[in-house]
Every structure is written in C-alpha cells, then in structure tokens.
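There are 8 protein chains.
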Amino acid sequence: MTSNEAIELLEQFRAGRRSRAEVLQTFQAAPIADLGFAQVDTHRALRKGFPEVIFGAGKSPAQVAQIAAQILVREQRLLITRITSEHVRVLQKKFKHAVHQELARCVTIEKKPLAKRAGIIAVLCAGTSDLPVAEEAAVTAEIMGNRVERVCDVGVAGLHRLLCRLELIQRANVLIVVAGMEGALPSVVAGLVSRPVIAVPTSVGYGASFGGVAALLGMLTSCGSGVTVVNIDNGFGAGYAASQMNALTDLVSP
Amino acid sequence: MTSNEAIELLEQFRAGRRSRAEVLQTFQAAPIADLGFAQVDTHRALRKGFPEVIFGAGKSPAQVAQIAAQILVREQRLLITRITSEHVRVLQKKFKHAVHQELARCVTIEKKPLAKRAGIIAVLCAGTSDLPVAEEAAVTAEIMGNRVERVCDVGVAGLHRLLCRLELIQRANVLIVVAGMEGALPSVVAGLVSRPVIAVPTSVGYGASFGGVAALLGMLTSCGSGVTVVNIDNGFGAGYAASQMNALTDLVSP
Amino acid sequence: MTSNEAIELLEQFRAGRRSRAEVLQTFQAAPIADLGFAQVDTHRALRKGFPEVIFGAGKSPAQVAQIAAQILVREQRLLITRITSEHVRVLQKKFKHAVHQELARCVTIEKKPLAKRAGIIAVLCAGTSDLPVAEEAAVTAEIMGNRVERVCDVGVAGLHRLLCRLELIQRANVLIVVAGMEGALPSVVAGLVSRPVIAVPTSVGYGASFGGVAALLGMLTSCGSGVTVVNIDNGFGAGYAASQMNALTDLVSP
Amino acid sequence: MTSNEAIELLEQFRAGRRSRAEVLQTFQAAPIADLGFAQVDTHRALRKGFPEVIFGAGKSPAQVAQIAAQILVREQRLLITRITSEHVRVLQKKFKHAVHQELARCVTIEKKPLAKRAGIIAVLCAGTSDLPVAEEAAVTAEIMGNRVERVCDVGVAGLHRLLCRLELIQRANVLIVVAGMEGALPSVVAGLVSRPVIAVPTSVGYGASFGGVAALLGMLTSCGSGVTVVNIDNGFGAGYAASQMNALTDLVSP
Amino acid sequence: MTSNEAIELLEQFRAGRRSRAEVLQTFQAAPIADLGFAQVDTHRALRKGFPEVIFGAGKSPAQVAQIAAQILVREQRLLITRITSEHVRVLQKKFKHAVHQELARCVTIEKKPLAKRAGIIAVLCAGTSDLPVAEEAAVTAEIMGNRVERVCDVGVAGLHRLLCRLELIQRANVLIVVAGMEGALPSVVAGLVSRPVIAVPTSVGYGASFGGVAALLGMLTSCGSGVTVVNIDNGFGAGYAASQMNALTDLVSP
Amino acid sequence: MTSNEAIELLEQFRAGRRSRAEVLQTFQAAPIADLGFAQVDTHRALRKGFPEVIFGAGKSPAQVAQIAAQILVREQRLLITRITSEHVRVLQKKFKHAVHQELARCVTIEKKPLAKRAGIIAVLCAGTSDLPVAEEAAVTAEIMGNRVERVCDVGVAGLHRLLCRLELIQRANVLIVVAGMEGALPSVVAGLVSRPVIAVPTSVGYGASFGGVAALLGMLTSCGSGVTVVNIDNGFGAGYAASQMNALTDLVSP
Amino acid sequence: MTSNEAIELLEQFRAGRRSRAEVLQTFQAAPIADLGFAQVDTHRALRKGFPEVIFGAGKSPAQVAQIAAQILVREQRLLITRITSEHVRVLQKKFKHAVHQELARCVTIEKKPLAKRAGIIAVLCAGTSDLPVAEEAAVTAEIMGNRVERVCDVGVAGLHRLLCRLELIQRANVLIVVAGMEGALPSVVAGLVSRPVIAVPTSVGYGASFGGVAALLGMLTSCGSGVTVVNIDNGFGAGYAASQMNALTDLVSP
Amino acid sequence: MTSNEAIELLEQFRAGRRSRAEVLQTFQAAPIADLGFAQVDTHRALRKGFPEVIFGAGKSPAQVAQIAAQILVREQRLLITRITSEHVRVLQKKFKHAVHQELARCVTIEKKPLAKRAGIIAVLCAGTSDLPVAEEAAVTAEIMGNRVERVCDVGVAGLHRLLCRLELIQRANVLIVVAGMEGALPSVVAGLVSRPVIAVPTSVGYGASFGGVAALLGMLTSCGSGVTVVNIDNGFGAGYAASQMNALTDLVSP
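Residue numbers (our numbering), protein chains in the order written: chain S, 1 to 254; chain F, 255 to 508; chain Z, 509 to 762; chain W, 763 to 1016; chain L, 1017 to 1270; chain E, 1271 to 1524; chain D, 1525 to 1778; chain B, 1779 to 2032.
If you're looking for bench data, these hints aren't it; they were derived computationally from the structure. Treat the hints with care, since some could be wrong.
Partial chain L-side listing against chain S, Cβ under 7 Å, derived [stated by the list, open to error]:
(1) 1171
(2) 1174
(3) 1175
(4) 1198
(5) 1225
(6) 1227
(7) 1234
(8) 1239
Values in this document were obtained by computation on a predicted structure and should not be read as measured data. Idealized CB from N, CA, C, for every residue including glycine.
Using the sequences and the hints given, assemble the complete structure.
So, in structure tokens, the structure goes:
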C-alpha cells in the first residue's frame, strides 16, 4: 500500500465507504513478514512509495514465489528482477497477472496499474548490446507510474544519430543514459539538457573495458554537470531513481 | 542569462519596456567567448539553467579572473570551485560581490540572487571531516536557487543521532548524503525516505579506504533503492544534480 | 584430543581408571601423519583446541576420506568444509556419523559432541543470498561447542527489521555479521553492542561489488569500533574465531 | 559513564549514598551533545563500554578540545588518536590529566583509570618500523582496562626470535599481531595458540607492498584458523577489539 | 644526421662538393657514445629520422647537458622534455640556440630547423588544464618538421565549441586529442574524421579519475574506429607518432 | 559509398553517364537507417572512408543480417567482426559474397574489392597464440585497400628470429605489432624503424598477465618512440588505424 | 644440441670418430625452422642449454606435434607444458618416448636422459592443492638434469611439519617453495637456509587471494633475503631457473 | 661470524692457536641481542652466510647505530641500506670503516673484506634513471664477496647498445637486469644467455607505469625462460640473491 493508497483508504473511511475495522486491520499489520529465509519488508510501499522489489538472482523459484505471494497480500503491483526462465515458469503458474518482460529479464505483476505521470522519462542507449539494461530501466520506471520513451543506438561515434533526437531529449523530465565501453554518451547528453541525467554503465565491451569499469569511471568523472551514476548494469536502480525524481513533479512548488 | 531570464526579457519587449535592438543584441551574442586558453561557453545558462561553473584547480588566478569577467558580462551569478587563497585574493579585488565560502573552498558572486524554491534539499554528512565536501554541495545548491538544511555528524555508528533527525530527513525533496570510510550512511537514509538520495563518497579515511574508493564502491552497490552516486569529493556535482532534481517541482504535473 | 580431553585422561589415570600404557601411547603418537600428498597435523587439537579442519575444495573425495580417517583415529569430531556432493557420497558411505550440512556446504562428524557453552553467538545476515556463508559460520561455531542463534535478512535498507531483534543482538557474547554488496550491516550492529563483532563480506552482488571487494573494503574501513574482518565468503573462519572468543568465558577472571 | 559505573551509581542510591535527583539527572542527560560541527555521542560509554574515542586527523585542535571537554563532563577517561603536536599542545594546556603517548601518536586522559583485568593481551610486531601501530594498539587496550605485554621485532625471517617467546605467546588471552611487508607473522602465531589472533597490517614496506595492501591480503587469506583482520595501520581498532574480547572473561560461564 | 641529411651528404660528395674523407668520417663514427652513466645512441637519427630525445626527469642538469653536447656534435636539432627550471638555466648557458618552451616544459635546440611539411597536425584539448600536455605534443611535432594548429578547450560538455571548428578538424592530416577526466573527446572527434586520431589521456581530474586512468581506459575502449592511444600525459609520444604518420605523405603512392 | 566513390559518381554525371535523378537520390538518402534495435549510420563511408563495421558479439544472427543488408544497399563492401559459427551460417546463406575468415573470426563481404595501395602494412606477432588477433588486424587492413605482410612468432626471447626479417620490417609503411605476456616486441621493433608502430596487447598469458593488462601496460610505457596502442585483443582497431595511416600516402605532399 | 653435446661432437671429430661432413652439417643447420604458424628456435639448446620448451595452451595438438617433431630432429629431449588429454593422445601416438606427467600436466620426451647433477633441488609446497604446480617445477628440473626431492604440505600453520624436514631443507642447493593463499612459506624457509629460494605463488585460495595475487605480493615483499619470485602457477619457470642455478655448480670456482 | 669463519675458528682451536674458552664463548653467545626496539639476529651470519642487513628507512639514526654496534661485536662486515644523509653522518662519526655508497644510498662497513669469487655478476640497467637501484644491487653483491661488472643504459629501444656488450653478458655467472617503464630488457637478455637472470623492476616512469607495476608485471610474465623477479626498486634483494647463486660455484659438483 503506497502512501497515496493509504490516503485514499482514509478518505473512504471518512466518507463512510470503509469500516473502521478494515482501516485498523490495514494499519495494524506487522511491518515485517517473517518467512525464515527472508524478512519481507511489508512496510516499504508506505515508506518508499513502492513495495519491496525482489532481486531474483541467488534465490530459488520457490523462495521468490513465496516472497511475491506475501507482498501481494497487500500490494497491487510487484517487480521481480534478474530472473531466469525457471523463475518465470513458476511465477506465471502461480500469479495470473505475471508478465515476462523478456528483454529486461524481469517479471511484472500489476493487479491495478498506477496512473502515469505526464512528464516523460527518456531512456537512451549507446549501442544495441546495451538494450537489456536499458529495458530493465524502462520497465522499472513504467511500473512505478511513468511514461517512458526509448532511444536506441545513439553512441557518440555518429553524433548525428543523437542530434536528430534532440527535441525529445530536451523535452524529457529525467534522462537515463545507458552505455558500455568508454561510456561517453552521458557527458554529451548532459551538455545538451537542463534536466537530471542518470548514467548507467554496462558491462558491454572487452579488454580494457574490464566488465564495465571503464564506462563506470568515465561516468563518475564526467565533465557534464548534473550527472549521477548507478552500479554497472543496474538498469533497475536507474529506473527507480528516475521515478523518484519524476515524482517530484507531483509536488506543486508554491 | 537563464531561460527564465530570457522569457522575462521577451515579455518586457512585448510590454514595450525593452527595445528590439536590446533583445536582438542579447540573442545575437556568440555562444562562445574565445580567450585563447579557454572557450567560455556563454550559451550554457540558456541551455543548462546556470552559467558555466569555473573549476579553479589547475588554472592561474589571472585565468580564473578573465573567465569570470567574461561570464559576468551577461550573467547575474557565478560559482568558482576548488580555489586557493591566491584565487580568492585576486577575485575579491576584482569583483565586489565576490564572497569567499571558506569551508566549501568556493567563491560565489551573486549580483542578483535567484529566488529560492520552497522545497528543501537536505545535506547530511557522516563525520566532521566530511564537512568541506558537504558545504561545497550546500553552497552550490543555494546559489542555484534552493533552500538547504545541513545535518552534520550523523554516521551509522550511533544510529540515534540520525533517527532524531528523521522528521527533517523525511520532509526534504532531495537528500545529499556525504560520507567517507565505508560510506554506509546513504544506504540507511535511502531506506527511510521516498525521495532521491545522492551519495557523495569522500576521501576521508586511511588504509583500505584507498582515498575514497571504499566509500565509492559501497555507495554504488548500496542495497538502498534510488541511490545515485557522484565522484569522490564531488560536492559540487551533488549540489548541481540536486538542484536539477528540485527544479522539477517548478513543473506542474497535469 | 583437545586439551580438555587430555586433562580428563590424566585425571582418569590418577584415579586408576586408565593404565599407564594407555596414557603413554596417547601422548607418544607422532604429531604428524604422513599420507604422501598431505601431512596431517595430528597435534592440532591439543595445540588449538580443535582438530585440523579439512578444506575440501581442490582435494579428491578419496584424499578427503583418507585424511578424515587419519584424524578420527584419535579425535571425536571433525569438520570438512567446501565439499561437493561427490565428497558427501564418499564420506557418508565411509563414516556413519557423517552429516551433510547442505546449506553450509559442510560435512560434520561428531562421535561425541562437545558440551555447549552458555553464552550465545549470534549470526546475522543482511540478505537471503548470504545464507550459505552465514550457515557455514553457524555450523562451525556449533561443532566447536557453542550455542548459535541465527538472524536472517536484516539488511540496513529496512532498519526496523534489525531493530526489532535488538534484545537478542545485545544479549549475544559474540556477533558474526554476514553481508554482501556494500557490507554496511556490521557498522550499524557494532554501534549497538559492546561485544566483539566479526564481519564477513560475501561475494553476493554484481558490477562494482567486484565479487565481494566492495563489502570487504567497507568492513575494513568501518566506523564501528571493535569490528574485525575475515576473508570474503569465509564463514568457517568467522565461526572459528567466534568460538575462540566465546571460549574466553571459560576462563574465570579473578 | 560505562554500564559498570551506572550499576555502581544505582547501588549507591539504594544504599542511600546518592540522592534520587543526582541519579535522575545522570540518566536524563541527552544522548547527544550538539556542537554544530559534531554530534557528540554521550550515550556511547553506556552502550559500548567506553566513551567515544576522538579521531584527531582532519579535526582542528580547537574542535578536538571542544569535543573532549564535552565528553569529560560525564566520563572518567578519554582517548584521542592520530594527533599532531599542535593537538597535544592545546590538550595539555586545557586538561591536566592529558598524557602524550608519543610513539602511539595518542593523547590519553584518565581522571580515574579503570581496574585492570587479570588476563593478558599480547601485542607482537614483526619489525621495528611497525612499532607506532603496535603502540597505538597497546595504549588503547590499556586505557580500556587491560594488561598488555609487548613483543617487538619477531618477524618470521628469524623464527628463533619468535619461538623463544613461546611461553608468553601461549599464555595470552588475546594476541594482536602487527606486521608490514608480506604480513606472514599472524599465520605463524595462529598456528601456535588457541586464543583469538587479531592481525594488523601496516603500511611499512615499498614497491609491491602497495602501502600495506600486500600485508592486508596476506592476513585475510591466512591459512591460520581464527585470524581476524583490521584496517591497515589501525592499531586503535585492534586494541579496541582485543579489549572487547578480553572483557568476555568478565562473564562467568555457568 | 637524419637519412635525408645523409642522402644530401652523399649527393654533395657525388657533386664534388664534399671530400671522401669527410663522408667516411661521418659514417665511421661509432653508433654509441659512452658517457659512463649513459650510452648515447648517436645512430638514432639515421635509423628513426630524428636524434635521440632526452627525457629530463631523473637526470641531473649536468648529465642532460653532457648528453646534449654529445648529440649536437653531429645533429642539427634536439629536444629535451620534462625539464625543471634548473635544467633550463644550465642548458641556456651552454647552448645559445636553446629555447625554453615554458608551457610544454621542454627545451628545443634548433641550429637549422627542418623544412615544414604541407599537411597539418591538429592538436585539440578538452580543457584549459590539459594545455601543458597538448603543448608538449605540439612542440614535438613542430621540431620534427610539421605545421601544427592548436584547438583549446573544446570538451564534449559544450558540443558547439567543437562543432564550430569542424572545418579545421576535417582538414588535418593527423589529429592529437588530449583530454583528462572521462576522456570522451577522442571518441567524438574520431566519429567526424577519416584521418588517424591519437588520444592522449591526462592526469587532470580528481577522485575516480585516478590520475588519468579513467581517461586512459575510456580512450582504449573508445567506440570511435581508428583511435590509438599513448601513455597518460605523454604529449611527447603523441607528437612523435603524429609526425611519423604525417611523414607518410612524403612518400608518393604510385 | 566512400568519398572516392562519390567523386566518381559526380564525374560520371558531369560526363553525362549518370542522370541527375540518380545522383540526387544517392545524396538525398537519409544518413541513418532506423531498424528499431539499431540506428545504422549509412553516412559513415562518406565521412570515415569505410562503411560502418558490425561488431558481432552480443548481437543475434538475425540482427547482424538485418544491419548488413541495410548497409549493403549502398555499399560495395562490409566487415563483420567477432562472429560465431551461427552468424557465419546465416550470413553465408543470405549474402553470396560472404567469406568466412576463420582464424580472424570475421566475415567479409566484397561485391567489388578496393584497389590496393602500393605501400605495405606489416603485421608481426610474438607467438603462435597471438595469431587470431593478428589475423583480425590483417583482414581489416586488407578489406580497406592495403597490402599486408604477416610475420609470425618473432618474440624477443629469440632475437635472431626477428632480426632476420629486418628488411621487410624496415620497408613497411606501417607496422602492427601483436604480443601477449610482457608485450616487449613493440619496443624492440620501434627501435628499428622510422614508421608508425601500432601495438596490440593480447590476452594471451596467465597469472600476472591479468588477461592482457601486463602487455597493455608494457606497451603504454614503451621506451620506443612513436608507439601507439589499442585495446587488448583489438586487432580490428589496429588494422583500421593502420589503414588510415597508410591512406596518408594517397595525399601528395607538395 | 646443448653446448655440452656440441663439445662432445667436436671431440669425437678430433678423435676421428666423426667425419668433417657430419660436423659441418650439424653446425650449418639454420637457427630457425619456419613452420608458418611458428618459427622454431632450433638454436636455443646451444644458446640456453636446453631446447625450446613448448607451451601447449592455445596451440592445437597438430601444431604441438609439428613443433615437437621439428625440435626432435636434432635434440635428445623435449618438454611440453600445459597440455590437455587431447595433446597427450596425439603426442603418445606419434612419439614413442612420450611420457605423460599427469599431475604436472606435462609431456616429456627423453631419447637419452641427461646425467644428473649431484646437488639436490628441493621442491616444497604449502598445501595439497599446490601439488600440480610443484610437480611441474620438479618435472622441469629433472628433465634438465637435476635430482629433485619433494616435500609436501608443510604450510606455516603447523610449523613442526616444516621443522622436522630441516635437515633436507638445509642440504639442498636450491629451494623451490610453492604456496597459495598468503604465500608465507618462502619467507620462513629463506630464514633457515643460505641457498637461493625461488618462490612460486599459486592461484589456490578464494576471496581476497584474487587468483594468486595475495601470494604473489606476499612473496615479492618477503622479509626473507634472497627470495626471487616467478609468475603465479609458473612451476615450469621455477624449475627452469632452479636448474640454471644448480648448473653453476658445474663451474669450478678457482 | 659466517660458517666459513666458524670453520676457521675450529681449525685454529684444533691447531692449538685458540683456547677452548675462546671457542666456547663464541658459540655460547645468545642468538638474539635484545635492544628493546629490536631483536638483533646475531645468529644470522652462521645460518645465512652474511650478517643481518639493516634496512635504514623508518629507523632513527640512533637506532641504526645501536643495531650496527651490536652486530659489529662479532661480525667483520655490515651493510645498511636505504639511508638518509642524517644516518650517514651518525654512522661515519661512530664507525671508522663506514663508507657512504652515495649513488646506492647505502653505508658499508668492512673491517675485513671477504675474498672475491672468480665468477662475475653482471648488473645491467636499461636507463640512466635506473642507476641507483642497479648500484644498490652491485654494492650488495660486492660486499658479499663477488666481482661485479656494470653495464649502463642498454635499453631495448637501441638494441645495438646491448648487443655490443654480448661477450660480457654471456660470460657472467649471474645477471641482474634493472629496468623501469615497460621492463622489457630481462626478456631480451634471458634469450641470449644460459645463466640465471634476476629482473629488478624500478619505479622509473610515469602514467601507466604506476610506480613500477608495469615493469613488474612485464618481468613476471616474461617469455624469457629462467627469469626470476624481485620487488620494485629492490636492488638489495637482487644483489643478495645473485650472491647466493654465485656462491653455488664454491661447491664442487662431483
């Protein structure tokens, strides 16, 4: 239950459409569900605006399914990242709303999708091989209630490919820029816009790219003001942060 | 001239309070001022919302002063970071509005300060030694038109110091969290809020802190969702990004 | 034969319940058993309080079984770590007391378990994926004569999960804290207790976690006083050290 | 006020030697003293058994003196590490009990020294150049109420130097082993004793010692069971942890 | 004596303007001059097209002067890099043609400058702080017989600064691109031209730039085809290689 | 269409052998072909002298084939690197000119091969295991219109193997030197020639070669003047740069 | 043909047991055999005392067999390292003297073994997992004409295992000491002997052993005088160097 | 007292030229002299063939002088490395035989020099800046009883400088090869000789030489068989090891 949903619940109670018992039960639920192998943070949506996201890697399909079930008791939506086909099989069997986001290696479950914010999050990637990470970012931002526009394969070796998307790039509220190898794209993009740029290094490359380290260092030392960086291949983190930033437009600056 | 200032200029023209010649001259100015040793990007405020910031390190006081003078031809405010006392001496002699932000190692020049946004940017730091970096972030955010609240010395070794500031922490629009050594503070803070958290590793520490690398890696691999990271000791970058994020509240989400 | 068992043997001799020949034979045994490919340190229990632990990785099942047999000639218990299912099959066939500790990837053989100390060793882990390392620590501490309490999935991104275990955490004599990614948990725990905290970095994570290096550096530079660190994924080492510390309670401070 | 001192205070109240007001005032004091640049954790002695230790590096003498004064309002003893001669001058002027531990680069202030535990902490160092780090460990352990024996210059290149101290080494409750270069000493020592060994890598060495990294890695991968490690040059951390371990002998194992 | 000069000598002999003795003496000179502390490679100009360049760092002014004198016995020009003001003082006293290239930290001695090739070598640098390295490259290329055009402060954060120099950039035979921080400029430049691009990382930057490593890795993993890289801050090497490349235009392709 | 081909087209138009419509259509084609997952840079041949090269790794055979088809609409030749046998199968089925360069792990498609330049590019490799990288360089240089001579297994441990190829080595216009392990060969070669030397480190070796890092560092710090370096195993990049350099002989130096 | 064998050939000629033609043919053979993919250094035995050793990794069985055949034309013995079972199969089929040294992962071919030197080379290893590397060293030293004694599993965690082999250790002419993890054994051994100690780090270990880096650094920074080091897992190199050292006893010091 | 000197003493006793008391006193002396801050290993000459060498760095002049005095009670010679001018002043005042080896940064004290072995140790260095390290190696080898020949500035960029010293290089018993930057010289030298080659990387270089790491890695991965390596800048270690190797010629191979 996000805080928006909590507010709605209270208003329904005031309007007499919900009983006091219902409301009490909701808020008295323990903030942790203890599964033995995991302490599910059932309080997270209220505190963070979105329920706990399940990181699939290193968890068995059964464990993932158990945690998912626990969260879906009270939540309308759920994101599970870094999944294998085995996870997908089990989840789709158990949850009818489970959708396999294949390129993004995620499963999304939306019993009731969030309304979308007006402002756009743009997800740019430098090369075709960066697509899975970019897609993880896009899927994350979308399930969290954002409109996303994808711009693919606009690396700096052919500047005109980037420049002919300038209108979109300058219109976006937040930009996620995904790149491997030397990771130069965020610097160039940040020079063109006044909105926050989140740089995502990918492990694409070989030799002295060192599994994404070259791109990571390039992004951290970017000469473009306002660039912030997430971990190598961390599309999820970028999408999550972008959504938090875009959500600031929900606040009306007095 | 920021885009807000450009809009104002055009409105004044429409209202007959500025001549066409004045307007034309402003927009016809070249987007670059060539000083030989530097190509000053006089177009940046229009494009990025804030004039080019001068990175003092590695430039002579005379070079810095020349660039500053060039920018101030058209701009109302200016930030110069990583300065030495020699820079300060020359700048204060030449520019009457020059203010030495000692702890932040910056000079600010504000002929006409920007109006401040309502929403708060909170700058937290883990230890007393992280203060200069935190202050660079705060000064940057302030000159860019934001209200800043500072919370000092709330490292995770004494959690109650952090928790007794919870109200402020949860009220801020954007949080900048500065920490050296193991850099654990952003993870803990990110678990408590739903707003963007910008983590700034500092070079504070010794031995296996490797000049801030331990903190940097800790922040990049943070288990706290929504954390983005800037370069070691890059208080300026954090303040700049935070301001860009906070500026999203200027947009009214339809 | 541990020194406690040696003391008991001598007392039995003094009491006339053992012959001189029996005692002599025990102490005259060579301190090394030479198997060609290995020099089994048969003197270790007397010197270190616990017989040589066999590191299974890189040894064939036959080699492991031979070393185990050699040690069990004189010892009542044995720990074999980092084993494969092939090791397990051979060991369970040969030794009837062999127990497969599956999650911990160990085999334990206890002909006569050690009496347990009163004081508790707490094993905390930050995430579900850290469980195997935590369990290796727990199994090690248990076979060495300690009571262990496990606390799972209490990472710092949801502080309330940790704080609601505070009573147990402050009651333990020694704490083993297992975490991957940024490894922040030991710093927070060390701030809450006055007992020794042993931090165990795990290789859980991706990208800039560099196979546990981020967690390792974070723990080494921890701002929490009294934290000591073992190698990445070294649950065994943590359990062993924790047992040595807890054994200090066997000594009566005058 | 340590918990022992708190217990004594309550007993004095019960015995009528202290007024209720006095007791209340003591416990009602805020757990934080806010100095602006620092949040002094005045609750730490009660929680951790020893008052907050001041890390001098990066703090001005005035800042250190202010924090020290704040702590000494309620505490009987204080440790300040990594100090310069300038710190010493200011502290000795302000606090009459301030003692300069020159080799250890510390200042200690003991209004009323703690009673010493019976069990010994042995501090070994491999070479003469490791002495300052070893001494920092020793001074820390001593002020926290432990007897310390120092063994200097017993590196493994001349094993007889170590072996002729075997009696002491095997008698100690806890061993701190300080070494630079290849850091081999803890492995050898751990093979000879059944008590906890805390390894401290130092930055002594050149070339491929990489400022202590060679020693640190050697200690983390030590084949000696039960070795735990602290940061490079972190004598303080080793002394603190050793004291926490030795304090376990205060508990009587039932 | 370069091979061009050798050819000229032989033609003068054939034309009767030089005696056989003169020619013989020139070619019979030993290919090494042994100064004890140095073996001057007097054969290098013939083999490599330019006399041995003296790396000043780590050599005393007297040593540099001795080597210089030895080379100038037979050569018309000489380059000495990485010099201090002390070197300059001694060299200018001893050699009347010695010119201090202050920004480039070099001394050049040209008794008879080489004729300049028609094709241009362009030296671009990303920021003002990269100037000394760029200038070392330019001075090297010039003394080796090339025309050089310098383009300063055209980093990717303000693309228009670069693009308005496009004509020059596309006209150059060889491009040297100097950049610190994330080192993105060579990738962008390589995308715009069909000529060889030599990337020079500089140690400009802080934190995760690691003294030029970020820029170096970025350049090595550049997505721009045809980029080759030299060592960090190695302006000399870039200028030397650029001259070798430009000299290929001396060959007429049949 | 390379610029040479564009020139020819215009001359044919002037000579009346091509219609205006044909010419217009050619130049009006969009500089990008958008395939969704890729933005094919159809303008590259005109700008860089050779059409976009497809990096096969990380792209599906279908994606590679689609991009290839797109490029071949207007281009006469194409290079696809880092391919698998699956790529080969699909490409050979679809394009009749597709040739599998097995050792080089490339596919080349030449509808009409470029005329070869007179000057030679020499490709040297230090050991037999470096052959695939050397061959990738050679194939790249050949398809771009160069004559290539290969010299294999001339590592510095048997200098006579290298020296007996001295004539060829000194005759080449450009030299590509491929080596793993300590990467010493480029330094030795650069000492023997006056032409550009491109060093290619390979990942051949074990232990402290760290996947080519030892060779890379050795080449970057080479004492041989004029050596430039490409990424580990980047034979393609070396061949491409060598061709760009050799193409300078197409220009007649006035 | 080693130089000893060359001397014998000449003596047989002088004694009339060999024809002049035979001798001439031997010395007139080219110093290189060109196989296209390899330049076999047929001169090496004369120059280095042992024929070229074939490094099997990265070469096909057919390539290895061809090179081997070429060498055996003139040589009596041959060593092939880092082989797979596929190499073994092909080699044993082709060469009847081919012996598979399984543990050492080598094939040796000795048509006529070298006479053995009197002095012993001792090969020590710290743990059972280090055996393959130790055995590679031993096999190499043996085929080069040395007596080898192996001492296994004498790591420093149980010093008595090492000390009870002291007589042998002090009797050896050269010592090869193989160890993974922290690599402390060479330091201890070097403190006990006056003969050369060659340290071989192995990739045995996990976590912070970083594939042998911890051991390598430990050995390079060893406090034991006279320790020299070879690459990680380079048993061959250690055996080769040890043989070169031991061969110095063939020289009679006047 | 070396073992040779011990043998002489015993022979003098047998011959009646020394009293039993004298002999007994010599052998009864403790193997350690405890100076508090140092345990002088007075037994080392007997065990290792040369008395303990004092590493000056990090020790005060007074400490060095005290240790030196202790050693000279029984020894005829002494080496003190890494000294400052302050050390020299104190040592020359106290010991009349103290000689300052300025370039080598050592002090030698030889009351009675050792007789020199016949076989030569060659010390080669690649560049003039490597001289101090080479000289430390040479001085060490000389005081230990060896003849040393120095060959300076023979780096691989001018092979003829090396090749014209071939006779000396092939005549030496042991070769020490000192090089910074890419450290290629040992590989080339090892290809030319059949004697042991000890490679010494130096910290000479800049950028990607990383303080000697590039040279170190190059030497460890050298393709030249028989190369062993010591720590960066460790001239002493190389000289010591070379002397141990050369001393093998003292043994007569039966």
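Hint numbers not upheld by this structure, sorted from lowest to highest: Of the numbered hints, just 6 does not hold.
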